[in-house]
Structures are given as structure tokens and as C-alpha cells.
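Peer 1: Below, each chain spelled out in residue letters.
There are 4 protein chains.
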Amino acid sequence: MDYFNAPGRNHLFVPGPVNIPEQVLRAMNRNNEDYRSPAIPAMTKTLLEDVKQIFKTTSGTPFLFPTTGTGAWESALTNTLSPGDRTVSFLIGQFSLLWIDQQKRLNFNVDVVESDWGQGANLEVLASKLAEDTAHTIKAICIVHNETATGVTNNLATVRKILDHYQHPALFLVDGVSSICALDFRMDEWGVDVALTGSQKALSLPTGLGIVCASPKALEATKTAKSVRVFFDWNDYLKFYKIGTYWPYTPSIQLLYGLRAALDLIFEEGLDNVIARHTRLAKATRLAVEAWGLKNCTQKEEWFSDTVTAVVVPPYIDSSEIVRRGWKRYNLSLGLGLNKVAGKVFRIGHLGNLNELQLLGCLAGVEMILKDVGYSVQLGSGVAAASAYLQNSMPMIPSRI
Amino acid sequence: MDYFNAPGRNHLFVPGPVNIPEQVLRAMNRNNEDYRSPAIPAMTKTLLEDVKQIFKTTSGTPFLFPTTGTGAWESALTNTLSPGDRTVSFLIGQFSLLWIDQQKRLNFNVDVVESDWGQGANLEVLASKLAEDTAHTIKAICIVHNETATGVTNNLATVRKILDHYQHPALFLVDGVSSICALDFRMDEWGVDVALTGSQKALSLPTGLGIVCASPKALEATKTAKSVRVFFDWNDYLKFYKIGTYWPYTPSIQLLYGLRAALDLIFEEGLDNVIARHTRLAKATRLAVEAWGLKNCTQKEEWFSDTVTAVVVPPYIDSSEIVRRGWKRYNLSLGLGLNKVAGKVFRIGHLGNLNELQLLGCLAGVEMILKDVGYSVQLGSGVAAASAYLQNSMPMIPSRI
Amino acid sequence: MDYFNAPGRNHLFVPGPVNIPEQVLRAMNRNNEDYRSPAIPAMTKTLLEDVKQIFKTTSGTPFLFPTTGTGAWESALTNTLSPGDRTVSFLIGQFSLLWIDQQKRLNFNVDVVESDWGQGANLEVLASKLAEDTAHTIKAICIVHNETATGVTNNLATVRKILDHYQHPALFLVDGVSSICALDFRMDEWGVDVALTGSQKALSLPTGLGIVCASPKALEATKTAKSVRVFFDWNDYLKFYKIGTYWPYTPSIQLLYGLRAALDLIFEEGLDNVIARHTRLAKATRLAVEAWGLKNCTQKEEWFSDTVTAVVVPPYIDSSEIVRRGWKRYNLSLGLGLNKVAGKVFRIGHLGNLNELQLLGCLAGVEMILKDVGYSVQLGSGVAAASAYLQNSMPMIPSRI
Amino acid sequence: MDYFNAPGRNHLFVPGPVNIPEQVLRAMNRNNEDYRSPAIPAMTKTLLEDVKQIFKTTSGTPFLFPTTGTGAWESALTNTLSPGDRTVSFLIGQFSLLWIDQQKRLNFNVDVVESDWGQGANLEVLASKLAEDTAHTIKAICIVHNETATGVTNNLATVRKILDHYQHPALFLVDGVSSICALDFRMDEWGVDVALTGSQKALSLPTGLGIVCASPKALEATKTAKSVRVFFDWNDYLKFYKIGTYWPYTPSIQLLYGLRAALDLIFEEGLDNVIARHTRLAKATRLAVEAWGLKNCTQKEEWFSDTVTAVVVPPYIDSSEIVRRGWKRYNLSLGLGLNKVAGKVFRIGHLGNLNELQLLGCLAGVEMILKDVGYSVQLGSGVAAASAYLQNSMPMIPSRI
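Chains as they are written, first to last, in the UniProt record's numbering: chain R, 1 to 401; chain X, 1 to 401; chain A, 1 to 401; chain D, 1 to 401.
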């Protein structure tokens with residue numbers, strides 16, 4: 001029942017799904033349970049309370065949908081908007097593209113603000129659109145916090161500032177799939193109305209939970225939002241929250257226990273330490289890329305993503321060949337270039353439950369692959385650059401001091 | 001991280017989620033993987049091929065949605081119908097009620113055919129409606145094969161006969177959540193257009209896969225179906241089936257391996273033997289209920305369900321107390337009475353990976369609970385009736401002969 | 001990789017190895033670790049401290065040998081005795097026989113006190129031997145607390161009384177393999193010098209830990225004990241206890257974490273509650289046997305074992321056929337009759353992490369098997385007798401009240 | 001229940017216990033079973049047959065003792081020798097020292113041939129001893145194939161040649177704990193009489209199986225071997241082999257299934273490929289050590305071990321500090337220097353289920369640690385040297401080509 005076995009561990013460096021810590025695997029290694037017994041509601045209550053911390057919200061209301069990020073998107077949109085509503089959406093890569101596509105198919109009037117792939121959202125355009133929109137026809141700003149395809153992180157604090165500047169009432173909807181629990185994210189402080197993530201990203205769980213968090217304003221919006229929704233309807237959840245049974249349909253028992261374990265691990269490490277670790281691993285990765293003489297797909301430092309790095313390959317190399325070779329020779333899983341950047345970039349995911357030596361093993365592998373495919377890299381150069389930085393900046397493991 | 005521990009095994013007899021066999025737990029005990037590597041598509045291909053067998057279809061196209069049964073319903077409806085379309089739907093219990101509610105919220109024109117809870121779908125009414133509908137305004141017949149709330153199994157072969165008799169082109173949509181892989185179900189023979197189930201039922205997996213199977217006619221219907229859909233859209237899947245990567249978004253790696261193991265177990269036992277085992281356990285349960293002097297909620301033998309038995313309690317007893325006591329004293333999980341039959345029935349789920357002695361342990365537990373709550377049952381009477389039947393009818397375990 | 005699959009759970013009622021609770025399986029589901037890191041010694045320290053509680057000792061010194069019960073025996077004997085030393089040993093069944101055989105092979109001068117199989121140790125003979133032994137030639141009394149082959153529990157308090165009466169300095173060595181953590185056992189109060197058990201019995205772990213506990217007097221005895229020993233030598237452990245690294249050779253990381261989880265579960269339930277549960281399940285089993293019209297192999301009530309019941313079958317039935325049939329038809333694992341009682345008894349193990357409904361499922365199975373093999377049992381009769389008692393005597397589950 | 005958590009995977013590079021592959025963890029994730037049912041003997045039979053392949057023997061008889069390497073030693077000695085028997089034993093490091101200590105405590109007349117730690121066994125002395133021993137007073141040659149403390153591999157083929165040259169009948173007993181299944185080992189070709197290994201080494205299982213393989217000559221020797229033995233007695237096993245139940249006492253069900261999975265993985269990779277992988281990883285490690293300007297504890301290339309490298313640190317550095325720092329800062333577990341080389345060497349274990357990128361991650365970690373502790377290593381230098389070699393010599397993963 002295992003396909004394509006290879007000796008040793010798989011080195012999983014796609015930007016999701018990511019490595020699951022053993023503690024979480026253990027927590028999920030269990031039989032089903034009656035989700036209507038007192039146990040599951042009791043646990044769900046703690047989960048709903050605790051999951052707010054990863055959104056940095058106290059006023060938000062979280063929903064743990066048995067779905068993926070795509071479903072979480074749909075939930076965010078259909079609960080707050082009506083067909084025909086105007087949204088401003090930023091197209092900067094494959095995942096923002098897919099979300100925009102979804103918005104269109106859900107019959108919103110999508111005002112697409114496009115940037116080159118490798119650039120962040122064009123917030124100047126946003127400002128001018130808001131300035132013009134004195135009639136408040138814009139109902140929502142939809143933005144991907146971290147574009148996984150290009151390794152670009154958008155500045156959400158600035159989005160909020162612009163909205164405030166124009167005192168614009170548009171909802172602020174954020175895809176935090178590859179950011180929340182890894183990058184600095186502040187739902188309340190930034191006035192985000194709906195934020196969402198998926199369990200298989202920085203939470204380091206299997207796929208299967210689309211975690212959506214709604215501000216009071218977003219909950220208010222559901223009352224007038226006419227988009228058709230059933231499975232993704234927040235109101236069905238809210239009804240059961242009130243009763244105290246929490247679930248309108250059967251949740252995955254295993255994922256609930258897994259989420260409990262994942263949150264416990266994150267809180268033990270400290271969310272700020274988790275974020276600092278992501279910053280550190282990302283910086284090390286970029287130093288390696290630089291040492292190899294390659295370019296980051298992300299065009300400006302202000303957009304550098306701390307969860308994924310998209311590396312541009314020389315024109316004479318097909319980046320898919322790099323990914324293929326990683327899998328075939330080194331048991332290393334790297335991210336493909338998608339759509340516009342297919343063949344041009346490969347991606348190193350450095351998010352979730354990951355440490356420095358795992359990353360250095362990956363970087364050593366990338367070096368060998370680069371050589372394999374005909375790029376004359378100096379073997380060890382990236383590892384040297386990365387480890388010089390890490391050896392200076394890594395803390396001791398707190399539980400072991 | 002474990003709540004409400006109790007010595008020994010939990011006796012899980014709710015009609016889902018059900019017991020997961022150890023082989024499946026083992027198969028799912030694994031790290032994440034890159035779902036874009038060659039391994040996952042190769043496995044998905046076998047799953048899509050093999051899962052057809054549990055639907056008894058060769059012409060159907062299966063979809064493995066990361067969702068629950070509720071999501072699978074939504075997928076079945078939105079891919080084949082347009083807002084305003086007339087459906088004929090049978091209200092016979094809580095789950096058919098919920099599906100009808102969904103149909104209404106999805107803006108179909110639902111023609112509800114109601115029966116008393118405990119009765120099957122009124123197919124005479126269906127016949128008369130079809131007879132009248134020479135204009136073919138009825139676009140779909142929506143029917144729950146097995147109503148989990150009342151333990152009623154509808155006769156799908158008759159539905160097909162009626163449709164054929166009137167040469168009516170309506171789509172035939174079937175909720176097989178608590179039937180498929182446990183009851184006799186024949187998608188092709190009965191001309192079912194969409195059938196669906198959930199992983200946590202007879203497949204004995206965790207919750208998280210909504211398995212939907214579409215006939216060629218159903219696939220054809222998607223071309224004109226105007227219901228809004230994105231996450232649940234079959235066409236996104238079909239696009240990736242063609243490419244051979246299979247997944248429009250990230251699947252649960254663990255559930256795929258789990259499904260592989262579950263199917264392997266079912267095929268090893270033989271699907272017909274699996275169904276015969278369900279028939280046997282159900283018959284034994286009904287004999288016990290009879291011996292206790294209690295009534296089956298299901299009003300006629302033709303509707304008796306082989307996956308769940310709803311037992312009517314005397315009016316002076318609150319059936320919720322039975323369920324509560326099972327959990328608090330016997331580590332036994334029984335199904336609550338829902339909605340109209342709340343307090344009046346409790347349910348014994350006997351589906352999935354289960355054997356005779358497990359059931360007899362449950363029945364012994366129910367006897368003690370009945371005595372606890374003041375019903376003067378003869379202890380051992382139900383077990384005696386059930387085991388007299390089982391001892392006569394059980395086969396030897398094939399692998400051990 | 002799974003042999004002889006059968007639907008549903010295996011009903012494991014051999015008197016060891018017994019069912020492992022999910023919490024323990026989860027705890028052991030882990031990679032290896034460096035046993036010389038600070039983590040393993042830190043955990044070992046808590047284990048050594050906590051394991052004393054299951055022996056009811058504060059003065060004893062425990063050893064966690066990577067071995068089985070047979071190895072634990074060898075450790076008990078070779079660390080305290082010298083070749084030629086006279087031991088008094090009670091032969092009452094297969095396991096006492098094997099221990100006596102070991103004592104002989106280790107060159108002790110074994111003074112065997114034999115009883116019929118089904119009787120307890122003849123303590124009158126012990127008294128007379130001690131009375132005569134004014135020269136103190138008897139160096140040790142070796143007694144099996146609970147003879148697993150016949151379901152006989154010896155009275156250790158009486159042994160101590162006799163030793164005290166004659167002020168005899170012999171060491172008091174106890175095989176507690178199928179008793180400790182299930183039956184009332186009091187190392188300090190009863191002045192036991194070496195007690196031992198195996199992980200796969202009442203602790204409900206996999207096989208692999210032979211847990212031996214030595215009194216101060218036993219430790220003193222090691223100084224003059226001339227039996228050859230290396231692997232089983234306590235002194236190698238004591239040396240590393242002093243250093244704080246604890247292990248003279250590599251332990252099983254998984255079993256240590258498993259033991260931690262097993263002890264946590266036992267302490268959560270309360271050791272006295274665990275023992276009361278064993279008393280209850282055993283009583284229920286004996287009532288069933290009585291209801292079937294069969295005889296307990298144990299000849300007097302004072303010796304009835306609360307961890308295993310050996311049931312005598314009528315002479316026209318081969319008890320092995322009962323065991324074979326349990327496995328082939330009911331997925332039920334019962335204990336064979338061994339040696340002198342082979343073919344004459346079968347055994348029901350009711351020890352470890354087990355609850356009432358599990359036992360009733362087993363009893364229902366035994367009834368059907370008895371009928372299968374031609375014994376005209378009234379189906380349901382044993383279950384009725386057992387559940388009448390249980391329904392009266394079972395407590396609510398404390399964590400769920 | 002988890003102590004000293006740290007983000008990401010632990011990098012386990014002690015020379016045992018080693019990383020367990022997920023396939024093996026999965027296989028062991030199971031409840032206990034009756035070891036007297038037909039299933040366990042059936043599986044044991046395949047294990048005993050298949051395990052011979054890792055010894056490269058067809059005539060040997062294997063035993064799967066529930067014990068550690070120390071117990072396996074004791075089994076090898078006590079089954080073949082009598083107290084007072086003369087053995088020739090080579091002291092070249094901590095593990096050969098411990099085995100010699102065991103031989104002395106078992107009352108053999110041990111003729112110790114000592115070498116400097118870092119050197120191999122002095123086979124010239126062996127030759128001269130055999131030459132002189134025309135009376136055949138030497139009953140056994142005891143040699144550690146791979147001394148784990150110093151990373152020294154002895155030449156067993158030469159031992160055999162010398163024995164043959166003098167036509168000396170001494171038994172040839174080999175500790176293959178850190179060699180078998182990783183280094184070239186040929187029981188039959190080299191005329192080894194007893195070879196042994198432990199499950200937690202190259203087999204990549206948890207600790208708990210001491211696997212001993214006996215030649216026909218060794219089995220013959222048991223008939224006259226007077227050493228006291230019970231738990232470790234081969235004859236008890238042979239008795240049950242004949243009966244077909246295989247086990248004189250309870251085995252670990254989990255380890256048997258684990259061994260089945262481990263062997264399946266090894267055979268799938270191919271034992272010769274496994275060995276080649278060890279050779280490759282070891283060579284890479286030595287190149288890194290050289291690049292760092294450090295010395296291998298092993299004094300000549302002919303003795304270089306392909307499973308563990310002991311690295312000599314400069315006199316101003318305490319090697320224990322390196323190990324401590326690995327654990328505290330990098331989640332890297334390295335081997336301590338033991339006894340004579342304590343503080344002077346640290347050890348990198350590179351055996352078992354391990355791949356190239358895992359090793360490179362470790363080497364990158366060692367570089368940072370070296371810098372931490374004040375050794376002015378060029379970061380990346382070792383990784384560069386190792387990966388230059390690996391990139392040239394690594395094969396594609398066969399299952400993925």
C-alpha cells in the first residue's frame with residue numbers, strides 16, 4: 001500500500017501540505033467517536049476559543065469547516081456578499097487568480113487589480129478606487145495575504161490604513177492560507193472582516209479543515225448577504241453554537257484532536273516564536289538563493305514571503321525538471337512553478353513544523369539538483385550562506401536550556 | 001488530551017461515524033505528502049476505478065470530495081439542476097428533512113411527499129405525480145435510500161420501475177450515506193443518476209470524504225445546470241482527471257490511503273459478504289428488540305433497515321436518558337432520537353466494520369440500560385434471541401477455515 | 001501484511017497479552033530517540049518512582065528489564081540466590097511448573113510442594129517445612145500469586161504470616177505476572193522480597209518489559225548471591241541509577257512512553273478502582289459459567305482468580321475445539337488448556353484494560369461456541385446471570401458523571 | 001507526555017537506536033493478539049526464513065529473542081560454551097570491552113587481545129595464538145564486527161582465513177550489532193558460528209529483538225555447553241520450532257509485525273543496495289570530517305566503519321559539549337565519546353533507514369556546532385565535500401525512475 005518507496009524520510013518542502021509533527025500524528029491515531037457525546041462539544045469549545053489566538057482576534061467568531069482552502073474561500077464570500085456585489089481583488093499569482101475566478105463564478109462583480117507575477121498587490125490602485133467610490137459600490141476588498149505561487153506577501157496593515165483613510169465601509173476579506181500561524185497576522189488590529197486558513201499549511205495538520213474567522217461586521221453582513229449557501233453557511237454553525245452541540249453535520253474526530261495537539265504545540269512554542277522561526281528560515285533560504293546566483297521571483301524585499309520562496313531558474317533550465325529530479329533522486333519534494341511561471345520557477349516551502357537542519361538538508365539537495373540539471377552552482381555555497389546566518393541567529397531550544 | 005476516559009473500548013453504535021478497522025488506522029498513520037508527485041495521482045487513479053464497485057457501476061464517474069454528506073448532497077444537486085427546477089423529494093425523517101431543506105435553500109421548487117416518520121417514501125404519490133407530469137416539469141427525484149433517523153430503507157428498484165413505466169426523464173438522485181457499502185445498492189441496474197455516500201459510514205473511515213458518483217446522464221445535465229457552484233463543481237475535477245493530476249485542490253493524503261485500505265478490506269471480504277453481514281447483524285438486532293417487547297420505529301418489514309434500528313421506548317421513558325446512561329455507565333454510544341422522534345426512540349447503528357460479538361455486547365448493554373431506566377426487561381432475553389439466530393446463520397471466517 | 005483478516009474487532013480474551021488501550025497505542029506511535037539524551041533519563045526517573053505504586057511499595061527498588069516474564073523470573077532468582085540454595089516452590093499449574101523447571105535448571109535445590117491442578121498452594125506443607133527448618137536451609141519461598149493456567153490465586157498474606165510465625169528468614173519471591181495491577185497485591189505489607197510482572201498483562205502494554213521490584217532485603221541478598229548473571233544483573237542497573245542515566249543497555253523508547261501512558265491511565269482510574277473492576281468482571285464471568293452448568297477448574301472459592309477463569313468442559317468435548325472455533329468463527333481469542341488440563345479446560349482472561357460490555361460480548365460468544373461443539377447450553381443464560389450482577393454493581397464512569 | 005519538545009523533526013544520528021521508517025511504525029501500530037493463534041506462528045515462520053537473508057546464511061538457525069544486544073551476546077556465549085572455556089576476545093573499544101566483561105562474568109577464561117582504541121582487532125596475535133594452540137584449548141574467537149564506540153570495522157574474512165590456515169576448530173562468534181544489514185556480512189561464506197544483531201540498529205526497529213543466528217556447528221556445541229541458561233536457551237526455542245508454535249514464551253506482537261515490515265522494505269530496496277547506501281553515506285561523512293580539518297578516530301582506512309564515524313576533536317574542546325549543544329540548540333542527536341575516548345570524540349551514526357539529505361542536514365548542523373564551541377570551521381565546507389561526492393555517486397530511486 002506504499003507507492004514509490006525510497007530509503008529514509010521524504011523531505012517535504014512544498015508550500016503545503018507540510019510536515020505533521022509526531023505529536024499530532026499520535027493525537028489523530030484513534031477510532032471514531034460519537035460527535036454528539038459530551039466529549040466532542042467540550043473539546044470543540046476549547047478549540048473555538050483557542051483558535052482565535054492564531055488569528056489574533058478576541059472579537060472574531062471562528063468556524064472549523066470540513067473542507068479545504070477553496071471551500072473556506074467560498075464560505076468567506078457567500079456568507080458576506082450578494083450576487084452582483086462589487087469586489088476589488090488583486091491578481092498577483094495563481095492562488096489569487098483562482099480566488100478571483102471563484103468570485104466571478106459566484107457572480108460577483110469583480111474589479112481585478114492586476115500586478116506582474118512577483119509583485120505585491122497594487123495598493124495605489126486600491127487607494128484611487130476607494131477615493132472614487134464615494135457611493136460605496138465596493139462591497140469587499142479581497143486579498144491574498146501571501147501568494148503561495150510567487151512567494152509574495154502583501155501588506156495588510158496598509159490596506160487597512162487606506163480603507164480608514166477613505167472611511168470606506170467595504171468588508172476586508174483575507175486569504176491567510178499560507179500565512180496564518182506563520183506570518184505576522186493581526187485580525188483585530190488590522191480590522192480584517194473575514195480571515196481564513198487551511199489545516200495543512202502552517203498548522204501542520206492533514207488537509208481537511210478550512211478555518212474561517214468572521215468579525216462582528218462580517219457576521220452582521222450575513223443578514224443581508226444573498227449568495228446561495230448551505231454547506232458553507234455560518235448560520236447553521238451559529239445555531240448549534242448557541243445550543244452547545246457545535247456541529248451542524250459530522251466533523252472529523254481525528255482532525256479535532258489533531259487541531260488540539262497542533263494548537264498545544266504552537267502555544268508551547270509561543271506564537272511569536274513560531275513566527276520568528278519562519279522569519280529565520282525564510283531569511284536563510286533567501287541567503288542561499290543569493291549565494292547560488294539565482295533570483296527570487298519576488299521583485300522587492302518588502303514583499304518577501306517568510307513561508308515560501310519562489311526561485312527563478314536560468315532560461316535554459318526547465319524548473320519542472322528540478323522538481324522531478326528532487327523527487328526521483330533525492331526524495332525531496334519541491335513546489336512546481338504554476339501557470340505563468342511554470343517552468344520558470346521552483347518553490348521551496350518553509351512553513352509549518354520545521355527546523356533549521358531540515359531546511360539545510362533541503363538546501364543541500366537543491367544544490368545537487370541544480371548541478372544535475374546543468375546549472376554550475378558551487379556545492380555548499382547556499383548551505384554556507386544560510387548556516388552562517390542561522391548559527392548567529394538561532395536561539396537555544398527553550399525546553400532544553 | 002483525552003477527555004472523559006473510561007476503561008476498555010468505547011462501544012460505538014451510533015449510525016455513524018462508525019468503528020475504523022485497525023488496518024485503516026494504520027494506513028492513515030502517516031505524514032503529509034506532495035499531492036502533485038506521481039504517487040498521489042497513481043493512487044487516486046486506482047481509487048476512482050475501485051470505488052465504482054461499491055456503487056455497482058461501470059459507467060458512473062466518481063468524485064472524492066473533501067467534505068461531508070451534506071456537502072455531497074450539495075454537489076449532487078448543484079451540478080445537475082438549476083434554480084427553480086422542480087424536484088420531487090420524500091420527507092420521511094430527519095435526514096430527508098435536511099436534504100429537502102437544502103434543496104429549498106438552493107432555490108429548487110421542491111415538491112415534498114411526506115410520510116409518517118417510520119414509514120418509507122410514498123411511491124404511489126410518486127407514480128401519480130409522474131403520471132400527471134406529461135410536461136416533464138419534474139427535473140429530479142431526490143430520495144434517501146436509508147433514512148438514518150428512523151431506520152427506514154426505501155425501495156429504489158421500485159422508483160426506477162415507476163420512472164420507466166411513465167418513461168419520465170427526471171434525474172434519479174440518491175442519498176446513499178447510510179446504505180452504500182452496507183445495503184444492496186445497484187447504481188447501473190437501477191438507473192441512478194447521482195449516488196453519494198460519506199466516508200464515516202459503511203466505509204468505516206474518518207469523516208472527510210463525500211463520495212459522489214454521477215451517471216453519464218448526470219454528467220450531461222451539468223452542461224445546462226445553472227446552480228452556482230465552485231467548490232462542489234464536478235467540472236473542475238473532470239478537467240484534472242483529463243490531465244491526470246486528478247485534484248483541483250489539496251486532498252487529504254491520509255484519507256486517500258485510508259480509502260485504499262478500506263476498499264482492500266471490503267474487496268477481501270467480498271462486497272456481497274459485507275452486505276450479507278449487515279443483513280445478519282440487523283436481523284439479530286430486530287430479534288432482540290422483539291424479545292425485549294419493544295417496537296421498531298419502522299412500521300413495515302419491507303422498510304426495515306439493515307444499517308440502523310430505531311427502537312421505540314414506552315411513553316413513560318425518555319429515550320435520551322437511555323443514550324445518556326449508555327455513555328455514562330457502559331461506555332456505549334447509541335444514537336439519539338432526532339426531531340419528531342426525540343425522546344421517543346433510540347437508535348442502534350449496526351453498520352461498517354463490525355462483527356457479531358461486538359453487537360451482542362451492545363445488546364447486553366442496552367438490556368442493562370433499559371432496566372436502569374425502569375423498563376422491566378428480562379436481562380439476557382435480547383442476547384438470547386439474537387444469538388440463537390446468529391449461531392445458526394453465521395459463516396466461518398473465510399481466511400481462517 | 002495482515003494475516004487472517006476478519007470483520008470487526010478481535011475479541012481478545014486470552015489471559016495475556018491483553019488489549020492495549022488507544023491512549024497507550026498512541027503514546028508508543030513514535031520514532032526512536034537517543035536514550036542518552038536528558039529526556040529519557042528524566043522520564044525513566046518518573047517511571048521508576050511511579051511503578052512502585054502498582055507494587056504497593058515505598059521501600060522497593062524497581063527494574064524495567066527489556067524481557068518477558070520468564071526473564072523476570074530469572075532475574076528474581078539469580079540476583080538473590082546461589083546454586084545449591086534450597087527453595088520451596090509450589091507446583092499448582094503450568095506456570096508454576098515452568099518456574100520450578102527454571103529453578104532446577106539454575107541449579108537450585110528445589111523443594112517442590114505439589115497440589116492438584118485447580119487447587120492453591122498447600123500452605124500447611126509450607127508451615128511444616130518451615131517448622132522443621134530450624135537450621136534455615138530454606139533460602140527462598142517461590143510462589144506464583146496467580147496461576148494463569150488454572151485460574152488459582154494464592155493467599156500471600158498467609159504465606160507472610162507463616163514465615164513470621166516461624167520467624168523464618170527465607171526470601172519471599174512472588175511471580176505476580178497475572179496479578180499485579182489487577183489483584184490486591186501489597187509488597188511492603190506482605191513483606192514480599194521480589195515481586196515481578198510483565199508489561200503485556202494487567203498493565204495492558206505490548207510484551208517486552210519484565211518489571212521486577214526488590215525489597216531492601218533482596219538487594220542485600222545480591223551481595224552474596226553467587227548465581228551467574230549479566231543481562232539480568234540488578235547491580236548493572238543500580239550503577240546507572242546512581243549516575244542518573246539509568247540504563248546499562250538500550251531500552252525500548254516506545255515501551256517507556258507506553259508505560260508512562262499506562263500508568264497515567266491506571267492512576268486516573270485509581271488502582272483500587274482498577275482492582276475492583278477486575279473483581280467485578282471475574283464475578284460476572286463465574287456467574288455465567290455457573291449458569292451454563294459448567295465447573296470452574298478452581299476447586300475452592302478462596303482461590304478464585306479475578307484475572308482468569310479456567311472452565312472445565314464435559315468429558316465428551318475437547319476444549320481445544322472451543323478455542324479453535326472461537327477464532328475461526330467468532331473472532332474470539334480464548335485461552336487453551338495447558339499441559340495436564342489440555343483438552344479439559346478453556347480459559348477466559350478478564351484482565352487489563354477491559355470493560356463490562358466487552359466481557360458480555362465474549363460470554364455471548366462462548367455460549368454460541370458451546371452450542372456449536374455440542375454442549376446444550378441455554379443461549380443467553382450466562383449473559384443474563386452476568387448482567388444481572390453487573391447491572392446491580394457497576395459504578396458510573398467517574399469522568400462522565 | 002512529551003518531554004523537551006522542539007519544533008520540527010529530531011535529527012537522530014546516534015549509532016542506535018536509529019530512525020524507524022513510517023512503514024514500520026504503521027505496521028507496529030496495533031493491538032495485542034493471541035500469540036497461540038494460527039496467525040503468529042504463520043508469520044513467525046516467514047520471519048525465521050527471511051531473516052536468514054540478512055545474515056547471508058542458508059544453513060543457520062535464527063532466534064528472535066525478546067531482549068537487547070547484551071542479551072543476544074549472553075545467548076551466543078551460554079549456548080555454546082562452558083564455564084572455564086578459553087575464548088580469544090579483542091578489546092578495541094567500549095562495546096568489545098563490555099562483551100569481554102560479560103565473558104569474564106560468565107566464567108570463561110578470556111584471552112584478551114587489546115588494541116589501541118581506534119585500531120582494529122590485532123589478527124596477527126590471533127594467528128600466533130592459534131599457531132601455538134595445537135591442543136585446541138581455545139574454544140571460541142569472539143569478535144565485534146563493528147566497534148560502535150570507535151567506528152572500527154574488523155575484517156572477518158581474515159579471521160576465517162587464519163582459523164582455516166591453522167585448521168583450528170574454535171567457534172567463531174560475531175557481534176554484528178552495528179553491522180548486520182548495513183555492512184557486508186556473510187555468515188556462511190565466512191564460517192561464522194554465531195552472529196547476532198539488535199533490532200534498533202540497521203533493521204531500524206525499536207529496541208527489543210536480539211536476533212541470534214547459529215550455525216549447525218554452534219547448534220552441535222549446545223549439546224556439551226554447560227553454561228547455565230534458561231531464558232536464553234536455544235533448546236527451548238528449538239523445541240517449539242519443531243512443534244510449529246515457535247515461542248517458548250510471549251513474543252512482542254508489535255515487533256514481529258515491525259520486523260516483517262522492516263524486512264519487506266530491505267528486500268524491496270535490495271540488501272546489496274542497502275549496503276551500498278551505507279558505504280556511500282559513510283564515505284560522504286568522512287569527506288566532511290576531512291574538510292573540517294578533523295581526524296577520524298579510526299586509525300587506518302581498512303578499518304573505516306560504514307555505520308558510524310567517530311570524530312576526534314581538538315584537545316581544547318570537550319566533545320560532550322558538542323553533543324549537548326546539538327541537542328539543546330539544533331535538535332540533533334549525536335553520539336557521545338565513551339570511556340577512554342569520552343570528551344575526545346563525538347560520533348555520527350549513519351546507519352539504518354537514512355538518506356543523503358538527512359545526512360547533509362546533520363553535517364550542516366555539526367558545522368554550526370563546531371563553530372559554536374570555538375572550532376574555526378569553514379561553514380559549508382563539509383557539506384560541500386560530502387555533496388560533491390554524493391552528487392556524483394547517488395543512484396536514482398529505483399521505484400521512481
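No lab work stands behind these hints: they were computed from the structure. Hints are supplied without guarantee of correctness; some may be wrong.
Stated by the list, open to error - Straight-line Cα separation of at most 30 Å, DSS-like style, residue types lysine-lysine; simulated pairs:
1. X:K217 <-> R:K344
2. R:K104 <-> X:K223
3. X:K104 <-> R:K239
4. R:K239 <-> X:K328
5. A:K226 <-> D:K344
6. A:K239 <-> D:K340
7. A:K283 <-> X:K371
8. D:K223 <-> A:K45
9. X:K328 <-> A:K104
10. X:K242 <-> R:K226
11. A:K226 <-> D:K371
12. D:K104 <-> A:K344
13. R:K45 <-> X:K226
14. A:K104 <-> D:K239
15. D:K104 <-> A:K340
16. X:K104 <-> R:K104
17. X:K226 <-> R:K226
18. D:K226 <-> A:K242
19. R:K239 <-> X:K239
20. X:K239 <-> R:K223
21. R:K56 <-> R:K283
22. X:K242 <-> R:K340
23. X:K242 <-> R:K344
24. D:K344 <-> R:K371
25. X:K371 <-> R:K217
26. X:K344 <-> R:K242
27. D:K239 <-> A:K223
28. R:K104 <-> X:K344
29. X:K328 <-> R:K104
30. R:K223 <-> X:K104
31. D:K239 <-> A:K239
32. R:K242 <-> X:K328
33. D:K340 <-> D:K371
Stated by the list, open to error - Computed Cβ-Cβ distance ranges for the label pairs, DEER-style:
34. A:S393 <-> X:P398: 35 to 43 Å
35. R:G270 <-> D:S393: 40 to 48 Å
36. R:R105 <-> D:D272: 25 to 33 Å
37. D:A342 <-> A:E114: 24 to 32 Å
Glycine included, each C-beta is placed from N, C-alpha and C at the ideal position.
Peer 1: All hints, please: hold or fail.
Peer 2: Comparing the hints with the structure gives:
1. X:K217 <-> R:K344: violated, 42 Å
2. R:K104 <-> X:K223: holds, 18 Å
3. X:K104 <-> R:K239: Holds, at roughly 18 Å.
4. R:K239 <-> X:K328: Distance of about 26 Å is within 30 Å: holds.
5. A:K226 <-> D:K344: violated, 38 Å
6. A:K239 <-> D:K340: holds, 18 Å
7. A:K283 <-> X:K371: The given pair, whose Cα atoms are some 20 Å apart, holds under the 30 Å limit.
8. D:K223 <-> A:K45: violated, 43 Å
9. X:K328 <-> A:K104: This hinted pair is violated, its Cα atoms lying about 52 Å apart.
10. X:K242 <-> R:K226: violated, 35 Å
11. A:K226 <-> D:K371: Not satisfied, since the Cα-Cα distance of roughly 52 Å exceeds 30 Å.
12. D:K104 <-> A:K344: violated, 48 Å
13. R:K45 <-> X:K226: violated, 38 Å
14. A:K104 <-> D:K239: holds, 18 Å
15. D:K104 <-> A:K340: This hinted pair is violated, its Cα atoms lying about 41 Å apart.
16. X:K104 <-> R:K104: Status holds; Cα separation ~24 Å.
17. X:K226 <-> R:K226: holds, 17 Å
18. D:K226 <-> A:K242: violated, 34 Å
19. R:K239 <-> X:K239: violated, 37 Å
20. X:K239 <-> R:K223: violated, 35 Å
21. R:K56 <-> R:K283: Satisfied, since the Cα-Cα distance of roughly 24 Å is no more than 30 Å.
22. X:K242 <-> R:K340: Holds: K242 of chain X and K340 of chain R sit about 21 Å apart, inside 30 Å.
23. X:K242 <-> R:K344: holds, 24 Å
24. D:K344 <-> R:K371: violated, 37 Å
25. X:K371 <-> R:K217: With a Cα-Cα distance of about 52 Å, the restraint between K371 of chain X and K217 of chain R is violated, given a limit of 30 Å.
26. X:K344 <-> R:K242: holds, 24 Å
27. D:K239 <-> A:K223: violated, 35 Å
28. R:K104 <-> X:K344: violated, 48 Å
29. X:K328 <-> R:K104: violated, 51 Å
30. R:K223 <-> X:K104: Status holds; Cα separation ~18 Å.
31. D:K239 <-> A:K239: violated, 37 Å
32. R:K242 <-> X:K328: holds, 24 Å
33. D:K340 <-> D:K371: holds, 25 Å
34. A:S393 <-> X:P398: 35 to 43 Å: holds, 40 Å
35. R:G270 <-> D:S393: 40 to 48 Å: holds, 43 Å
36. R:R105 <-> D:D272: 25 to 33 Å: violated, 56 Å
37. D:A342 <-> A:E114: 24 to 32 Å: violated, 54 Å
Checked against the numbered hints given earlier, this structure breaks hints 1, 5, 8, 9, 10, 11, 12, 13, 15, 18, 19, 20, 24, 25, 27, 28, 29, 31, 36 and 37; the rest are met.
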